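Q: Sequence:
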Amino acid sequence: MKLLKGVEAMLTPVFEDRKLTLSTHADIPVLYGDEPLLTSLICNLAENGARASQEGDTVWVRIGCDEHPWIEVRDTGIGIPPDQLSRIFEPFYRVDPSRSRKSGGAGLGLSLCAAIVQCHDATLNVDSTPGQGTTVRVDFTNC
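Sequential numbering of the sequence shown, starting at 5, is according to this note's numbering.
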């Protein structure tokens, strides 16, 4: 899939530097939408997963379709405490400020993701368990 090839090209150097694995898979040949925005969405979600992960971990990116197309990004990183899940899409919000400063994040990536999802009239769901990782799923219900 062209969209994932672009994501891989952008993220492979970042993942190699951090000694992480990026695993991508698409069950559908194309995902309709604004390609640069969708690329930015996936890259932001995968980079967040990388920041939350340790050397040797994998971040998975999958694109598929049940009744509607979806994107899923999953990591086995530090996870997000349940009491903070509702705030992670706020501009400048950081789950762990000390960790984010080290990785260079500005705290805007997830708010940008939320805006991209809204532009595509999609929904965004996050499932996270501290110490086990996070899965972010975008469902394109109006495609």
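These are calculated hints, taken from the structure and not from any lab test. Do not rely on the hints blindly, as some may be mistaken.
As the list claims (entries may be wrong) - Pairwise CB distance ranges, derived in the manner of DEER restraints: (1) P33 - Q58: 31 to 41 Å; (2) D38 - E71: 33 to 43 Å; (3) Q136 - V18: 34 to 44 Å; (4) C123 - G68: 12 to 22 Å; (5) K9 - T139: 19 to 29 Å; (6) Q136 - K6: 31 to 41 Å; (7) K6 - G135: 17 to 27 Å; (8) P85 - P33: 32 to 42 Å; (9) P33 - R91: 28 to 38 Å; (10) S90 - V34: 11 to 21 Å; (11) N129 - I32: 18 to 28 Å; (12) A13 - P33: 28 to 38 Å; (13) P33 - L89: 11 to 21 Å.
The structure displayed is predicted, hence computed values, not measured ones. Glycine is no exception: its CB is placed at the ideal position from the N, C-alpha and C atoms.
Q: It remains to establish, for every hint, whether it holds in the given structure.
A: Quick rundown of the hints versus the structure:
1. At about 34 Å, the CB distance of P33 to Q58 agrees with the hint of 31 to 41 Å.
2. Against the hinted window of 33 to 43 Å, the Cβ-Cβ separation of D38 and E71 comes to about 22 Å, which falls outside the hint.
3. A C-beta distance of roughly 23 Å is found between Q136 and V18, which places it outside the suggested range of 34 to 44 Å.
4. For C123 and G68, the Cβ-Cβ distance of about 21 Å falls inside the hinted range of 12 to 22 Å, so the restraint holds.
5. With their beta carbons about 23 Å apart, K9 and T139 fall inside the hinted range of 19 to 29 Å.
6. Taking the beta carbon of each, Q136 and K6 are about 32 Å apart, inside 31 to 41 Å as hinted.
7. In this structure the supplied range 17 to 27 Å is violated for K6 paired with G135, their Cβ-Cβ distance being about 36 Å.
8. Between P85 and P33 the beta carbons are some 38 Å apart, a value that agrees with the proposed interval 32 to 42 Å.
9. Checking the proposed 28 to 38 Å range against P33 and R91 shows it holds: the Cβ atoms sit about 37 Å from each other.
10. Between S90 and V34 the CB atoms are about 33 Å apart, so this pair departs from the stated range of 11 to 21 Å.
11. Remark: the range hint 18 to 28 Å for N129 to I32 is upheld by a beta-carbon distance near 19 Å.
12. Here the CB-CB span from A13 to P33 is close to 19 Å, at odds with the stated 28 to 38 Å.
13. Between P33 and L89, the C-beta spacing of about 33 Å breaks the proposed range 11 to 21 Å.
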